[in-house]
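Line by line, the protein sequences are chains L and A. Number 989 marks the last residue of the first sequence (our numbering); no jumps. Number 647 marks the last residue of the second sequence (our numbering); no jumps.
One or more hints might be untrue.
[To be verified] Derived PhoX-like pairs: lysine-lysine, alpha-carbon spacing no greater than 20 Å straight-line:
{"no.": "1", "chain 1": "A", "residue 1": "K600", "chain 2": "A", "residue 2": "K145"}
{"no.": "2", "chain 1": "A", "residue 1": "K242", "chain 2": "L", "residue 2": "K900"}
{"no.": "3", "chain 1": "A", "residue 1": "K224", "chain 2": "A", "residue 2": "K511"}
{"no.": "4", "chain 1": "A", "residue 1": "K231", "chain 2": "A", "residue 2": "K212"}
{"no.": "5", "chain 1": "A", "residue 1": "K209", "chain 2": "A", "residue 2": "K600"}
{"no.": "6", "chain 1": "L", "residue 1": "K798", "chain 2": "L", "residue 2": "K900"}
{"no.": "7", "chain 1": "A", "residue 1": "K362", "chain 2": "A", "residue 2": "K145"}
{"no.": "8", "chain 1": "L", "residue 1": "K952", "chain 2": "L", "residue 2": "K911"}
{"no.": "9", "chain 1": "L", "residue 1": "K980", "chain 2": "A", "residue 2": "K242"}
{"no.": "10", "chain 1": "A", "residue 1": "K231", "chain 2": "L", "residue 2": "K911"}
{"no.": "11", "chain 1": "A", "residue 1": "K242", "chain 2": "L", "residue 2": "K979"}
{"no.": "12", "chain 1": "L", "residue 1": "K973", "chain 2": "L", "residue 2": "K935"}
{"no.": "13", "chain 1": "A", "residue 1": "K224", "chain 2": "L", "residue 2": "K900"}
{"no.": "14", "chain 1": "L", "residue 1": "K973", "chain 2": "A", "residue 2": "K242"}
{"no.": "15", "chain 1": "L", "residue 1": "K952", "chain 2": "L", "residue 2": "K884"}
{"no.": "16", "chain 1": "A", "residue 1": "K145", "chain 2": "A", "residue 2": "K157"}
{"no.": "17", "chain 1": "A", "residue 1": "K157", "chain 2": "A", "residue 2": "K143"}
{"no.": "18", "chain 1": "A", "residue 1": "K242", "chain 2": "A", "residue 2": "K231"}
{"no.": "19", "chain 1": "A", "residue 1": "K212", "chain 2": "A", "residue 2": "K362"}
{"no.": "20", "chain 1": "L", "residue 1": "K900", "chain 2": "A", "residue 2": "K212"}
{"no.": "21", "chain 1": "L", "residue 1": "K900", "chain 2": "L", "residue 2": "K980"}
{"no.": "22", "chain 1": "A", "residue 1": "K552", "chain 2": "A", "residue 2": "K511"}
{"no.": "23", "chain 1": "A", "residue 1": "K157", "chain 2": "A", "residue 2": "K209"}
{"no.": "24", "chain 1": "A", "residue 1": "K221", "chain 2": "L", "residue 2": "K900"}
In case anyone wonders, no lab produced these hints; they're calculated from the structure.
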Amino acid sequence: MVNLSDSAEGPEGLKKNVFLTTIDNVYNWGRVRSMWPMAFGLACCAIEFMAMMAARFDLSRFGMEIIRASPRQADLMFVSGTVTKKMAPNIVRLYNQMAEPKYVLAVGACAISGGPFKEGYNVVSGIDKFLPVDVYVPGCPPTPEALLYGVMKVHEKVMGQSVRTAPWYKRDQLNEPLPMPVLGPDLYNPKDRDALKKLTAAKVEHG
Amino acid sequence: MADPTILTTAADSTLPFDDAVSGAVLEATPNGLVVAADKLLELATYLRDQQGYDYLSMVTSVDWPPYFEVVYYLYGVAKPKDLLVLKVRLPDKVNSVVPSLISIWPGADLQEREVYDMMGIRFAGHPNLRRILLWDGFQGWPLRKDYKESYYEEDTKPFKSRHPDGKHLWAEDRVPWKDNITYPVAWDPDLFTQPTVQYRKIMGVDAGGNGDGKDLKTERVLINMGPQHPSTHGVFRMVVAVEGEQVVGLEPEIGYLHRCHEKIGERNTYIMNIPFTDRLDYITSMSNNLGYVLAVEKLMGLEAPERADYIRVIMAEFTRIISHFIAVGFLFNDLGAYFTPALYGLRERELILDLFEAAAGSRMMCNYMRFGGVFADLPAGWVERARDLVWNRLPRVMEQFEDLLAGNEIFLARARGVGHLSAAEAIAYSMAGPMLRASGVPYDIRKVQPYSIYDRFEFDVCCRPEGDVWARFRVRMDEIYQSLRILKQALDGLPEGPIMPPGKRQYQIRVPAGEAYSRIEGPKGELGFYVVSDGKPNPYRYHVRAPTFINLTSLEKMCVGHKIADSVVILGAIDIVLGEVDR
């Protein structure tokens, strides 16, 4: 941001009151300071998310205290906790229901990779098998400080984006909704259809 | 409030009830009575009506090589020290059926469904026997010993090597599917359609159909609340049938956070399970630690030194305060007091978590207790900080809570008379903790069957006769005062001394074969750990009696007849934590 008084030209009265900047800067600054997280708690990490919102860590310093229960009104999804197979379709649906631009923060070991519960028969090995994740915050659970750092990283990412190249303003680059996982005999990701059919046909049942 | 009268404990009841129900008990073992499956209903009725065993605490099952064993733990509210364990052995592993006890104890409902889900044992006469933690159509019965999950490596930990040839192998790379999935041979995703779920209890209600055609033609509608809903305290889902605004049927649908706690627990060694118990009810990790170590100590015949006992009690009572603050705060959240009371609760929680962090090294997942003691001694200055909280800060906060919340008119209007559960119903539904005491049953395990060193402290059992949401709120508030009372005594009496038994710390403990059930009065109710050992380094069977899971059984009973908005409040007053409900 540049103050006009730095340049030589212009009337004296205006010089101290007019600032020059880029559209991207102002626009992204506005987005960063009003980023609404979705009230979406999966497990333990959601409690630390609440701690981050509460008095001591105070997420509202960043204009982010408005926690929306509806995905349509939210900008940022904290996948805070263990993603189970039973829950995975719902998470993808919620993500699809969020309006662009949207960001995903994988909170904690479970959302990143399955964490301590990775070997469990009902646990997905990381939400990034289904959603594009912007920032990973490790920890079990991450402390509120670590979460705040993750939020700062999302902010950094947003500040680096440009209106001109952002895909969600381009008509021809509209995002298709992500394919919904299906609860069959096991969790089935439609993305893996071909590989899966090859293996089931080859009578592979267990590793 | 007067101390509850501990009723006389009967001497050993005459085993094995052969005079009353002949042929029911097949064998009397030290760990319980083996009962014939076809006589189970008769015996259970007799035990409830004639012998006073009116409280079905836990239903679970064990997969022994020759048979399945369904295990029932019975207590009597009026004779709390008596425990009766019934076991039904089912040698037919392919088609194992046992009569459902739901007609005698409705509290068996969700537990029997869980046994069915995990082991495939069918309960004849259960009205709604379908998968509960997993989804309909899931392949396999996970807690059977022959079940192998996709990332299966070996039956028990520690695994031989994660670094064959000096290189780390990802779980994903070891399995042909490159993911945590397994499919049956020749399964074709193109031909698959998901089966529709039959919500049997409320099936009479068709979405969009009309009611009985009286003056007001209100539509009956099925409403899905959750798993993403701000008032469900996590990923809980309930299917509610409403007529207008009135709830006419409700079915809880859980398992969205089923993290395979018990299967992982059976693969783990004993000590590896302690951090997993932290993540059961993630608000009360210290209490969970305590329950688990007490169960294993019972098996090992181990006793903690006195100082460790005191530290454990201090931690458990601080945990209770945190849990109740959060419960009360979020109850008001559900009522529409958007976040203010919850923020007050969370503010105090931070101060207590600071103490936990100083002692255990981690604020939330403390992983603090060990078999025979605690992990580390209290650091310098800890007791002073705790004293400051207990004597100065928390009583003031409680005054604030009382001023702000207890007399609030809106709260009284919405909580009084809502979600009523009578004492008899609460017992029949196996309710536990504040839910049971708010229905007028003065049943607190710290008093009726003291564990650790709770018999040394003076405190009252908080009990209310009303049985509604207001009473549940009040019981929790009163329990915070009682916790402060215990804390004062424990902090005053905290002795010096060792925190672990003498000798080198063992990571590979020896647990003799046998089984133990240890129950503690967790903040949310009777938290039980059922551990079966076969003498190996890993538990043969590991089951958690989760209080909030079983408290959910009565949700429909409490909600029917109320407005849909009240069902949110009723759920809030149960104070569920999904980590524990789904495990």
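These are the hints, each one checked on the structure:
Pair hint A/K600 plus A/K145 does not hold up; C-alpha atoms about 31 Å apart against a cutoff of 20 Å. At most 20 Å may separate the alpha-carbon atoms for a hinted pair to count; A/K242 and L/K900 meet this at roughly 13 Å. In summary, the hint linking A/K224 to A/K511 is not supported, as the alpha carbons are separated by about 46 Å, beyond the 20 Å threshold. Annotation: proposed proximity of A/K231 to A/K212 is violated, straight-line Cα distance about 25 Å (limit 20 Å).
Among the hinted pairs, A/K209 with A/K600 is consistent with the structure: their alpha-carbon atoms are about 15 Å apart, no more than 20 Å. A hinted pair counts as satisfied when its Cα atoms are at most 20 Å apart, and L/K798 with L/K900 does not qualify at roughly 58 Å. Distance restraint check for A/K362 and A/K145: the Cα-Cα separation of roughly 16 Å lies within the 20 Å cut-off, and the hinted pair is therefore satisfied. A C-alpha spacing of about 26 Å is found between L/K952 and L/K911, which places the hinted pair above 20 Å, so the restraint is violated.
For a cut-off of 20 Å, the pair hint linking L/K980 to A/K242 stands: about 13 Å separates their Cα positions. Only pairs whose Cα atoms come within 20 Å are accepted, and A/K231 paired with L/K911 is rejected, the gap being roughly 24 Å. Simply put, A/K242 and L/K979 have alpha-carbon atoms about 14 Å apart, close enough for the 20 Å limit, and the pair holds. For the hint linking L/K973 to L/K935, the alpha-carbon distance of about 29 Å lies beyond 20 Å, and the restraint is violated.
Under the criterion of a C-alpha separation no larger than 20 Å, the hint pairing A/K224 with L/K900 is consistent with the structure, at around 18 Å. For the hint linking L/K973 to A/K242, the alpha-carbon distance of about 13 Å falls within 20 Å, and the restraint holds. Our distance criterion of 20 Å between C-alpha atoms is met by L/K952 and L/K884, whose separation comes to about 15 Å. At most 20 Å may separate the alpha-carbon atoms for a hinted pair to count; A/K145 and A/K157 exceed this at roughly 34 Å.
For the proposed pair A/K157 and A/K143, the alpha carbon gap of about 36 Å is over 20 Å, so the pair is violated. Our distance criterion of 20 Å between C-alpha atoms is met by A/K242 and A/K231, whose separation comes to about 18 Å. Taking the CA atoms of A/K212 and A/K362, the gap is near 30 Å; set against the 20 Å cutoff, the hint is violated. About 14 Å separates the Cα atoms of L/K900 and A/K212, which keeps this hinted pair within 20 Å; it holds.
Between L/K900 and L/K980 the alpha-carbon distance is near 25 Å, which puts this suggested pair outside the 20 Å criterion. Taking the CA atoms of A/K552 and A/K511, the gap is near 18 Å; set against the 20 Å cutoff, the hint holds. Note on A/K157 and A/K209: the hinted pairing holds, with a Cα-Cα distance of about 12 Å set against a maximum of 20 Å. About 14 Å separates the Cα atoms of A/K221 and L/K900, which keeps this hinted pair within 20 Å; it holds.
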